[in-house]
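Just so you know, the protein sequences line up as chains A and B, in that order. If you read the first sequence in the numbering used here, its first letter stands for residue 21, the second for the next number, and so on. If you read the second sequence in the numbering used here, its first letter stands for residue 16, the second for the next number, and so on.
Among the hints, a few may not be true.
Computed Cβ-Cβ distance ranges for the label pairs, DEER-style [unchecked claim]:
no.	chain 1	residue 1	chain 2	residue 2	range
1	A	Lys158	B	Phe283	35 to 45 Å
2	A	Leu36	B	Ala274	57 to 67 Å
3	A	Glu48	B	His19	21 to 31 Å
4	A	Thr246	B	Arg37	47 to 57 Å
5	A	Gln97	B	Arg66	34 to 44 Å
6	A	Gln141	B	Leu63	18 to 28 Å
Partner residues are not named here, just some residues of chain B that face chain A (Cβ under 10 Å, in silico) [claimed, not checked]:
no.	residue
7	Thr45
8	Gly46
9	Met62
10	Arg65
11	Ala142
12	Ala145
13	Glu155
14	Ile156
15	Leu225
Chain B stretches covered by chain A per the calculated footprint, using a threshold of three residues with CB under 8 Å from any CB of chain A [unchecked claim]:
no.	segment
16	18 to 32
17	206 to 217
The set of hints was computed from the structure by calculation and includes no laboratory data. Built from N, CA and C at the ideal position, the CB exists for glycine as well.
Given next are the chains, with one letter for each unit.
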Amino acid sequence: MNDLPAIRFERVVKYLGGRRVLDRVDFEVHRGEIFVIVGSSGSGKSVTLRHMVRLLTPDEGEVWVGDECVSRARGAQLARIRDRFGVLFQGAALLQWMTVYDNVALPLREKTSLTEEDIEQRVMGQLRLLGLEDAVDKYPADLSGGMQKRVALARAVILNPAIILYDEPTSGLDPVTSRRIDDLILSMSRRYGLTSVVVTHDLHSALAIGDRIALIHQGRILEINTPAQFLRSENEVVRAFLDAQYITRRGAWETEVDSETRPNS
Amino acid sequence: MVLHEPDHFEPPLNFFAALGRRILLACRNTGRGTVILLQAIWALRFMLSRRNRREVLMQLFVTGIKSLGVLTVVAMFTGMILALQTGLELRRYGQEVNIGTLVCTSMVREMGPFMTALVIAASVGSAIAAQLATMTVSEEIAALEVMSIDPVRFLVMPRLAALLIMMPMLTVYTNILGVVGGAIVGWTQLDVPMSAYFDNAIQYVRNKDLYVGLFKAAVFGAIIAGVACQQGFQATEGAVGVGIATRRSVVISFLTILAVGYMITRLFYA
């Protein structure tokens, strides 16, 4: 059973708003890897992610988590599959009327029979690990975007899931905070041996953290490769995506700086 | 699962197709609301569990204590208007002393539960719809679903419990204030002594009137909870969706309360 991929998409098709958002999507996520799905806005990244925890159901095809088909699961089986996941939503999705502590403690209170002392120990340990020990009594609205993401991450991993899904973890964050989140994703994944699926349009993040990168374009997976191979890809869409983020093409400002500082020739 | 996949419909071919679609959607939403309500009623058995106690108490406070201010004003004026309208007519026949009976019977049978339900639907129901709609569009409900925390048990049940408990209590409060309001108008505007007013009020009101009124209040509470939560859960499209869910919650609650109120009255009195 351990040879099975952590997640497998089998020719998944999904229509939303009359549009074919996913078009025969096939891929596997291996156990313990960081699998990054990149693509432009509206390309189907988040829709793909939502299928993994059955927030959306495929119109055709199947999604497998280990040896269980999540797209057909219901009731207790679906709950059992979902228990393997932690999800970091794009907007953090913290419960606004609860403090940071209560948000992180929520899964433990709801899903375990731990005493309040044990819960406190685990929550405080997790918050310390993420540098949030000073924010314990704050409400989500009092936190910056980066801190909210870290709290959401603490909540996502508090029950020791096997797989973590990150939906645009760095969107709306400044570059410094984005890199901190990248480091957290890496350290969480390595520390606990988690399987991670990251959806992002930030190629810098993808190249920094991904073991493999998949490019989704108009609902189709165009390429799945390691970061090094991804950078050398000959696929036109991949090249355009790399160019658009100044990864293989120099920005106008760089050319300008070069011309100003270049010695007279 | 309370979240549903987004709807998509091609533009209707003609008026009848559009009408048919609206009717079908209304039926579907009624069904979804009913399912949520039944699941929440089933989840009431967890009301006093350690996990839910704090949230239930919070909702009791929000529904009950925080509604007292507006309910006080509405109840007093309802009783005063009832007393003045009927009293002025009765005075033409020298029967103004009977306003106590009229005000008390009207309040206990109809106006008490009805006015309480309208106030609670507009204040508490709209707040529930807005909160759940905001949670839906900001993916908080999705987060609960993914954590396998049942949103019905976690969010709907405490609100339903609070409304089922507080609606009859608030109705009693409205009844009392309405009758007192009527007494003040009777005494100051119609020269009806307080003692005569209250003697009449108590003498002709039957226990059945009180029980049917309280039953109505509980049913109205369930309607407000079911409609507000269903509308909240089906919100889409960000802030606009929250506004639409809130407005629909109030409108649908009002209409349902009116229709169900009529049916209960007909069931017990016709």
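Evaluation of the provided hints:
1. A/Lys158 <-> B/Phe283: 35 to 45 Å: Because 52 Å falls outside the window, the suggested range is violated.
2. A/Leu36 <-> B/Ala274: 57 to 67 Å: Violated - the Cβ-Cβ distance for A/Leu36 and B/Ala274, about 36 Å, lies outside 57 to 67 Å.
3. A/Glu48 <-> B/His19: 21 to 31 Å: holds, 29 Å
4. A/Thr246 <-> B/Arg37: 47 to 57 Å: holds, 53 Å
5. A/Gln97 <-> B/Arg66: 34 to 44 Å: Since the Cβ atoms of A/Gln97 and B/Arg66 sit about 23 Å apart, the hinted range of 34 to 44 Å is violated.
6. A/Gln141 <-> B/Leu63: 18 to 28 Å: holds, 27 Å
7. Thr45: Check failed: Cβ of B/Thr45 comes no nearer than 23 Å to chain A, outside 10 Å.
8. Gly46: Hint violated; B/Gly46 Cβ to chain A Cβ min 18 Å, cut 10 Å.
9. Met62: Result: violated, 16 Å to nearest chain A Cβ.
10. Arg65: Cβ of B/Arg65 sits 8 Å from chain A, so the hint holds.
11. Ala142: Cβ of B/Ala142 sits 12 Å from chain A, so the hint is violated.
12. Ala145: With a minimum Cβ separation of about 12 Å from chain A (threshold 10 Å), the hint on B/Ala145 is violated.
13. Glu155: Result: holds, 5 Å to nearest chain A Cβ.
14. Ile156: holds, 9 Å
15. Leu225: violated, 36 Å
16. 18 to 32: With 5 residues in contact (Cβ-Cβ under 8 Å with chain A), the coverage given for the segment 18 to 32 of chain B holds.
17. 206 to 217: violated (count 0)
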